[in-house]
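Chemist: What follows is the residue order along each chain.
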Amino acid sequence: GAVVSQHPSRVICKSGTSVKIECRSLDFQATTMFWYRQFPKQSLMLMATSNEGSKATYEQGVEKDKFLINHASLTLSTLTVTSAHPEDSSFYICSAVAGGSTGELFFGEGSRLTVL
Amino acid sequence: TQLLEQSPQFLSIQEGENLTVYCNSSSVFSSLQWYRQEPGEGPVLLVTVVTGGEVKKLKRLTFQFGDARKDSSLHITAAQPGDTGLYLCAGGGTGANNLFFGTGTRLTVIP
Chain A
1 GAVVSQHPSR VICKSGTSVK IECRSLDFQA TTMFWYRQFP KQSLMLMATS
51 NEGSKATYEQ GVEKDKFLIN HASLTLSTLT VTSAHPEDSS FYICSAVAGG
101 STGELFFGEG SRLTVL
Chain B
1001 TQLLEQSPQF LSIQEGENLT VYCNSSSVFS SLQWYRQEPG EGPVLLVTVV
1051 TGGEVKKLKR LTFQFGDARK DSSLHITAAQ PGDTGLYLCA GGGTGANNLF
1101 FGTGTRLTVI P
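Read top to bottom, the protein sequences are chains A and B.
Going by our numbering, the letters in the first sequence line up with residues 1 to 116, in that order.
Going by our numbering, the letters in the second sequence line up with residues 1001 to 1111, in that order.
Careful, some of the hints might be misleading.
With a Cα cut of at most 25 Å, we get these calculated DMTMM-like pairs of lysine to aspartate or glutamate [claimed, not checked]:
hint	chain 1	residue 1	chain 2	residue 2
1	A	Lys41	B	Glu1054
2	B	Lys1056	B	Glu1038
3	A	Lys20	B	Glu1038
4	A	Lys41	B	Asp1067
5	A	Lys41	B	Asp1083
6	A	Lys64	B	Asp1083
7	B	Lys1070	A	Glu59
8	A	Lys20	B	Glu1041
9	A	Lys41	B	Glu1005
These aren't lab readings, by the way, just hints derived from the structure by calculation.
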């Protein structure tokens, strides 16, 4: 099956620094990728839709200047958490659509961010 | 945001028991998916249902999509410790392939 990989799987950073998380589709091209955030023992919350070659679409309440998304190629989307604070600590998960707009959705393994 | 409520939120049962998890919404979905997530990992797709009233079986798991496509249920027969995990339903809107996830049901099956 299609594989979506995230890197890093775990990252610890100091408050005020920026952290970049990568999401790659390893064996298919993805024009659309999604970024989710999951707090402990809670469900996934959609943060934004990442479109290759265009600006990301953010969900209500998600600060686009804090969570920078870049989808520069058909196999890579990045999420940069800028000026991270402890409340940004969370599990960030990406997903990618295989096979066009009606294709199946595949999820990455997730990236756990801890901000000290 | 389309809200999907799951119940129960937490469930702890003995091995061999049966259980049902519910996923309810006031919104109509073109499709509904069920995922299982292990700690520290991404969700893994179990099934997709698209037709109102549809029933799908996956070994000991039975999934049903409500007639009005607003709700779904997951029934597990003879639960095993390997079924332990977070079960998430997720609904897709018409013309969209991004998903709105349910509130989640954390299942623990005790050996």
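Chemist: If a hint holds in the structure, say so; if it doesn't, say that too.
Modeler: Results for each hint:
1. With a C-alpha separation of about 30 Å, the suggested pairing of Lys41 (chain A) with Glu1054 (chain B) is violated against the 25 Å cut-off.
2. Of the supplied pair hints, the one linking Lys1056 (chain B) and Glu1038 (chain B) holds, its CA atoms being roughly 22 Å apart against a limit of 25 Å.
3. This hinted pair checks out: Lys20 (chain A) and Glu1038 (chain B) have alpha carbons roughly 24 Å apart, not beyond 25 Å.
4. Between Lys41 (chain A) and Asp1067 (chain B) the CA atoms are separated by roughly 30 Å; this puts the pair beyond 25 Å, and the hint is violated.
5. For the hint pairing Lys41 (chain A) with Asp1083 (chain B), the CA-to-CA distance comes to about 17 Å; that is within 25 Å, so the pair holds.
6. Between Lys64 (chain A) and Asp1083 (chain B), the direct Cα distance comes to roughly 38 Å. Violation of the 25 Å bound is thereby established for this hinted pair.
7. For the hint pairing Lys1070 (chain B) with Glu59 (chain A), the CA-to-CA distance comes to about 22 Å; that is within 25 Å, so the pair holds.
8. Pair hint Lys20 (chain A) plus Glu1041 (chain B) holds up; C-alpha atoms about 19 Å apart against a cutoff of 25 Å.
9. Proposed proximity of Lys41 (chain A) and Glu1005 (chain B) is supported: the alpha carbons are some 15 Å apart, at most 25 Å.
Of the numbered hints listed earlier, those contradicted by the structure are 1, 4, 6.
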